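K.L.:
Could you build the full structure based on these sequences and the hints that come with them?
Chains A and B supply the protein sequences, listed in that same order.
Quick note: the first sequence uses the working numbering, first residue 1, plus one each step.
Quick note: the second sequence uses the working numbering, first residue 1, plus one each step.
Take the hints with a grain of salt, since some may be wrong.
[As the list claims (entries may be wrong)] Derived contacts from chain B toward chain A, CB cut-off under 8 Å, selection only:
#1 20
#2 22
#3 23
#4 48
#5 51
#6 57
#7 78
#8 99
#9 103
#10 106
#11 110
#12 157
#13 162
#14 167
#15 169
[To be verified] Ranges between beta-carbon positions, derived for each pair:
#16 A/393 to B/54: 56 to 62 Å
#17 B/8 to A/70: 54 to 60 Å
#18 A/513 to B/30: 18 to 24 Å
#19 B/68 to A/648: 27 to 33 Å
#20 A/237 to B/6: 55 to 61 Å
#21 A/559 to B/5: 46 to 52 Å
Derived by calculation from the structure, the hints in this document are not laboratory data.
If you're wondering where the values come from, they're calculated on a predicted model, not measured in any experiment.
The beta carbon of each residue, even a glycine, is placed where N, CA and C say it ideally should be.
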Amino acid sequence: MLQLLGKKTLFFDGGMGTQLQAAGLPVGAIPEELNIDDPKLIESVHARYLNAGADFITTNTFGANAHKMARAKYSNTDMIKAAVKIADTARKNAGREKDSYIALDIGPIGELLAPIGTLSFDDAYELFREQIVCVKDDIDVVIFETFGDLYELKAGVLAAKENCDKPVFVSMSFDKSGRTLTGSNPITYINVMEGLKVNAIGVNCSLGPKELEPVIMTLLENSHVPVLIQPNAGLPTLKDGKTVFELTPEAFVDALSNVRDKGIAMIGGCCGTTPDFIRAVKDSFPSDVKERNVPYRTAVSSSTMTVYLDESVRVCGERLNPTGKKKLQAALREEKYDMLISEAIAQEDAGAKVLDVNVGLPGIDEAAVMKKIIPMLQEVVSIPLQIDSSSPAAIEAACRVYNGKPLINSVNGKDAVMDAVFPVAVKYGGVVIGLTLSEEVPKLCEERVAIAKKIINKAESYGLSKKDLVIDCLTLTVSAQQAEASQTLEALREVTSMGLSSTLGVSNISFGLPNRPLINRTFLTLAMQSGLKMPIINPLDRSLMDCIDAFNVIYNIDEGCIEYIKNQENAPVQTTVVVPSTASTPSAAGSAQTSGASTKKDVGFCIAKGLKDEVSDITNKELESTDPMVLINETIIPALNKVGRDYDSGKIFLPQLIQAAETAKVAFAEVQKHFTVSGEKKGPVLICTVEGDIHDIGKNIVKVVCDSYGYEIIDLGKDVAVDSVVDAYKQYAPKVIGLSALMTTTVENMKRTIAALRANDCKVPITVGGAVLTEEIAKEIDADYYTEDAMSMVNLLKELNV
Amino acid sequence: MNKKETYNRILPLACRYMRVDLLRVDEEFNRKAFDVFGSLSDNVRFKGQHEIISTETLFSLDSALTESSEDLKFYLEGCKEVVIFATTLGVDVDAYSKKLQSRDMGLAVIYDALASSLLEYMTDRYEEELDLPKHTFRFAPGYGDIPIGLNYIIIDSLSISKKIGIYKASNNMMLPQKSMITMCGLGKESAPTCAHCIRLNSCALRKENLRCYNS
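P.N.:
So, in structure tokens, the structure goes:
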């Protein structure tokens, strides 16, 4: 089959479910049960498709995962085995044993993966694995179809690749917006799935052939693997209370006329299509697949976004790296990941297009931390991540759970490093940064280029193309190796002329010199001019980002200066002109006056009004003349208390309360910088949303408000297993525990959590909150307190003297 | 209908969810809420599905569940058929909510309330456009004594996950979070009342002489 694939047009079958419903399958019945209850019926559907000319028959196993089949009367694997047997019998009886193929059909699990849902990636993998291994020797191909979540599909593809040696086809559904259920666009889908080495990539269901045309065209124009399409028979309409698909086989074929000769490798049908549709496409499609020439690109993806690293300059944010950052080191050691989350957000918001993630610290299980932190980061930022580690095990752990096509940082010219990292990159479809460093630090351009070539050759021996590489030309420190620093720029030009993408850690250049930003931005500009595609910098450093903005304007990349104007419109213009000391300076006096007439907003006003963006500057200004403790005790706390009272009395509402709390938090953070010893935190208080419940907005409100009152909050997150709460209680010794639940059904888990805590001798007060809770329920489930909202939680903490 | 009109329609219900007194909404709050409604609109991918099935079929989907509900029988008494609606704002709304929560919790609260309100509103419009014959008011599992577990059975039976992307999550919850499964009986007219509501004696709205069904 693999010899024919992509050369001769192959035909899939059409809809199974609609055929069974036409044969009398009632609403709500489980189609897979028919594999055992009525094998003849299923066989007859296969037979009709084979007679119509289908090359592939798809087993009646779309929903046959253990999770979905929980209410079926047979075990899922028994139904799968029966289905494959039926398909085999059908092709034997049709005399098509030699020239038709059995496709094991696997549909979505029917539950969304974390972080949107609660199903873990590993559990999803396990469910798919079970469906495949029971018939892996009796099928010709595994097809995952109608998927809406790229992450779930990744779990499926890995399960197939790791447990079975048959080809793997994938097919996702796209809605009218051109995106999948969880927001992936076709380009991202292709980039991720090609990385995972699927044998064919396709689109099916949800829309008819005409509506799918844009997605089909994108697949044909961008995919390097054969393309499979299985549209519905048009859009469903309701007729006499029944769902019907109105397209005729002829209209179906007509609707495909624009894409017919564009290189589709396989075609079949989804909902509403019948053997007549397959016959019609078989008659109308060319027998040879038109060759497509799709150029290779250097691109990394998150689940919703693909970033090309071979066109204009894309910034990689460098701040998620504990090297030399004491606070981040402490946060990592104490597993307080909030700081990493806010660093990630700040960098994305500042314009980073990729984020470097490094969690390497002595004594830390890097692989375990990566596995935890990658999904957390992907929940709050949309841009792709760069997995940065010197441990191949950590890189593999991160690549496995990463939702998208990762960027791996890095290999260098050493064989041992490449031999450890390249297999991981091949397996998970990563793009790899190749650092032009070997046993010795190269000084000259030629040495760097030689190492780059060595990396390219080695990568190719593993099956990675040079488009899967980004070369780091190695920044040297100009104060130490001034003669060689410019060699980096030369190497960049060489590497670019070889058609490679490039990266550089920029700020290393200025180490040891005064006014480092000046050297940094000059070097960055020269490097961009020499072809640098991905500077690894601090995107919060506006002076560097400004250089890129200007560069993009001058090279006509930022057409119409749109980005430039957006970013620079309100930028303060700094024209530092040195004025001779003898000159009179009336203008300076004038400007002093202007700044003297500053607004009367003080810290208290900012808190009351929730002016989060302005409070930092104002706090710092007040700290010039006010003692930090005085500012806290006489301004911030009273302002916060007033806001709390106003909320209690209904003068202000929840959103304003939260805004005020967040503003106070920013003010606190500024004030704390002025203490010689770090500010004392009250608590700690442990909070979480209980097991089975993913509603965490209420819990998050509590966190923000308590935080602003200076309590240390340990937030375990949502859907937290009972045992994890107990473990956290033992680990952190909190003074109060707060549990949240929104659903009546999860109040039961709240009760179990409390019981488990009590069983572990937990004597600290436990308070509960959430929409369905009341004072009575709190008592019933053995909680000590019921806190209705965030303010009442603060009041309770005060009352308990935490 | 333009953005501003939709916003004005959904704001009262959203304020009720936030326990914000509509009469005291000031210019600043309104501006913020309207801005955040813009982000919400960008993330909404509303999808609706409806199926007309016989009342008998509905009751047979899981008879242990349906037979246990007095209210379900009461509401559908005399109806031969039922329309089942499934509507969702799509998963991007959830994803953005999470991002907003990490950036600005105050806005996230407003966003969440607007999203809930928008789902109700769009579901109403979806129903109106069908121009149904004589029918009861629309209700949902979880209302009265109708078991919420019925949601799961309906999702499976009508292939709702495959068709419009509403999924089961643990504990009878649905994902995306802003999703609803509702139904109304065909053949008779009836309006909602508080009589069968689980919160009959503890409803905050009733205490203020308000009703959740005429906003």
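K.L.:
Taking each numbered hint in turn, which are not upheld by the structure, reported in ascending numerical order?
P.N.:
2, 3, 4, 7, 17, 18, 19, 20 and 21
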